[in-house]
Each structure stands twice: as C-alpha cells, then as structure tokens.
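**Q** So you can see what is in the structure, the chains are spelled out below.
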Amino acid sequence: NAGVTQTPKFRVLKTGQSMTLLCAQDMNHEYMYWYRQDPGMGLRLIHYSVGEGTTAKGEVPDGYNVSRLKKQNFLLGLESAAPSQTSVYFCASRRGKTHLAQETQYFGPGTRLLVL
Amino acid sequence: KQEVTQIPAALSVPEGENLVLNCSFTDSAIYNLQWFRQDPGKGLTSLLLIQSSQREQTSGRLNASLDKSSGRSTLYIAASQPGDSATYLCAVRPTGNQFYFGTGTSLTVIP
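Residue numbers (this note's numbering), protein chains in the order written: chain A, 12 to 127; chain B, 30 to 140.
Worth flagging that the hints you see were computed from the coordinates, not collected in a lab. It should be emphasised that the depicted structure is a prediction, and the values quoted were computed from it without experimental measurement. Don't be surprised by glycine CBs; every beta carbon is placed ideally from N, CA and C. There's no promise every hint is true.
Claimed, not checked - Calculated cross-link-like contacts (lysine-lysine; reagent style PhoX-like; alpha-carbon spacing at most 25 Å):
no., chain 1, residue 1, chain 2, residue 2
1, A, K20, B, K71
2, A, K20, A, K68
3, A, K68, B, K30
4, A, K25, A, K82
5, A, K68, A, K81
6, A, K82, A, K68
What the hints assert, rightly or not - Now the in silico label distances, taken between C-beta atoms and shown as ranges:
no., chain 1, residue 1, chain 2, residue 2, range
7, B, E32, A, L33, 42 to 52 Å
8, B, S57, A, L127, 42 to 52 Å
9, B, P111, A, P94, 20 to 30 Å
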C-alpha cells in the first residue's frame, strides 16, 4: 500500500513550456486534491475532484487544468508555464461520501517545480 | 471565505518542555479541523482530526482541542523531544469539499 504518490519529484521548465504532474493513490479514495505551497502563504487549493470524471476549481485555478479519467489518478496540467507557477505542488486524497466529519486527508511527497 | 491563522510563526523550546500551538479560523461553520506535521522537503502527515461535535482528541503526547464558537484550536505537545521539530499546520473544512490551511508554526526543540 503506497498511499499517495506523485511524479515527478522535481522539474525545471522554461517559460511557456507545458507539463503534466501525476498523482496516484491506491486507497480507493473518491476525493482528490491539488495544492500549491508557497513560502508565507500556506497551502492553497488549485483544483479538486469528488469522483472519477469530475473536477472542480479551487482557490487558485488559473493557468492549470486537471483530469480524473481513472479513480486512482489525478493529473495536473500546466499549459504554458510562468515563473509565478514556481512552487511545491502537493496532491492529497480522502475517502469521501461516508463519515464526512471523520475523514483524514492523506498527502503525497510533493513535486518541486521551477519555472525559469 | 474562511481565513486560518497560526501564531506564532516560529517557536523554539528546550527539550522536555510542554508547549501549545494555536490555530484560529474566522467561520465557525466547519465539519472538522485537522492538524498536520510537515518535515523539511516532505509532504504533510496527519496528526489529529477533530470533528465539529468534539472538544478534543488525543494521540500519545499530542492533544488537540477545538472551540468552534470562538474559532480556535490548540495543539498541546507534552514533554517535547528534538524529533518533534517540524512545521505544524492546521486545516479547517467548512461545509463544502474544500480545506483551508494556516501558514504553519515552525517548531524547533533544542536538545
């Protein structure tokens, strides 16, 4: 049981390039989240998904797209990277749909992205 | 929009001391509040989750309390150890599906 995994661990992009970050979970969780963490700003929600085939915008969605074609995977895409997207990206998941008040979020190890 | 604040931003204590970390939030309509630990360069690890109907939760040397009406939670760490050095974050979940995080308290326990 690997929990939540993220690929890649680190990436350097040039402005205007595109890339996809992959999040995978093996806990059969319904809900998945993408956050970015910047110094002094805490974690901010980019997009989330409440189930396979569904996605929704979070607090800071501009410049990002997501897809949830399979329940276990949640992809975060940067169409045209900008230096402002330099950050550490975290994926998280939770069981969902049952025991709403009791659900813990489980986090991946993060992806460090540097946009030059 | 829910705002979550953690004070202090950094805390340094000698080993063995008991300490309290604070978390405050602006909207008391929450499902739950969760405390996390984050080690440098790592992801977040869940420590404790308190449901909105609960007043506190305990795990080993950790005790988290919740006062929804005043919009406050505290994380109490007993007999601190150097291994407790990390950043501690709290997150609240209002009635939707989103979570709102504080900026964290960086704890250093000095041997």
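**Q** Indicate, hint by hint, whether the structure satisfies it.
**A** Hints, verified against the model:
{"no.": "1", "hint": "K20(A) x K71(B)", "in the structure": "11 Å, holds"}
{"no.": "2", "hint": "K20(A) x K68(A)", "in the structure": "24 Å, holds"}
{"no.": "3", "hint": "K68(A) x K30(B)", "in the structure": "15 Å, holds"}
{"no.": "4", "hint": "K25(A) x K82(A)", "in the structure": "31 Å, violated"}
{"no.": "5", "hint": "K68(A) x K81(A)", "in the structure": "18 Å, holds"}
{"no.": "6", "hint": "K82(A) x K68(A)", "in the structure": "18 Å, holds"}
{"no.": "7", "hint": "E32(B) x L33(A): 42 to 52 Å", "in the structure": "32 Å, violated"}
{"no.": "8", "hint": "S57(B) x L127(A): 42 to 52 Å", "in the structure": "44 Å, holds"}
{"no.": "9", "hint": "P111(B) x P94(A): 20 to 30 Å", "in the structure": "37 Å, violated"}
Going through the hint list in order, the structure does not satisfy hints 4, 7, 9.
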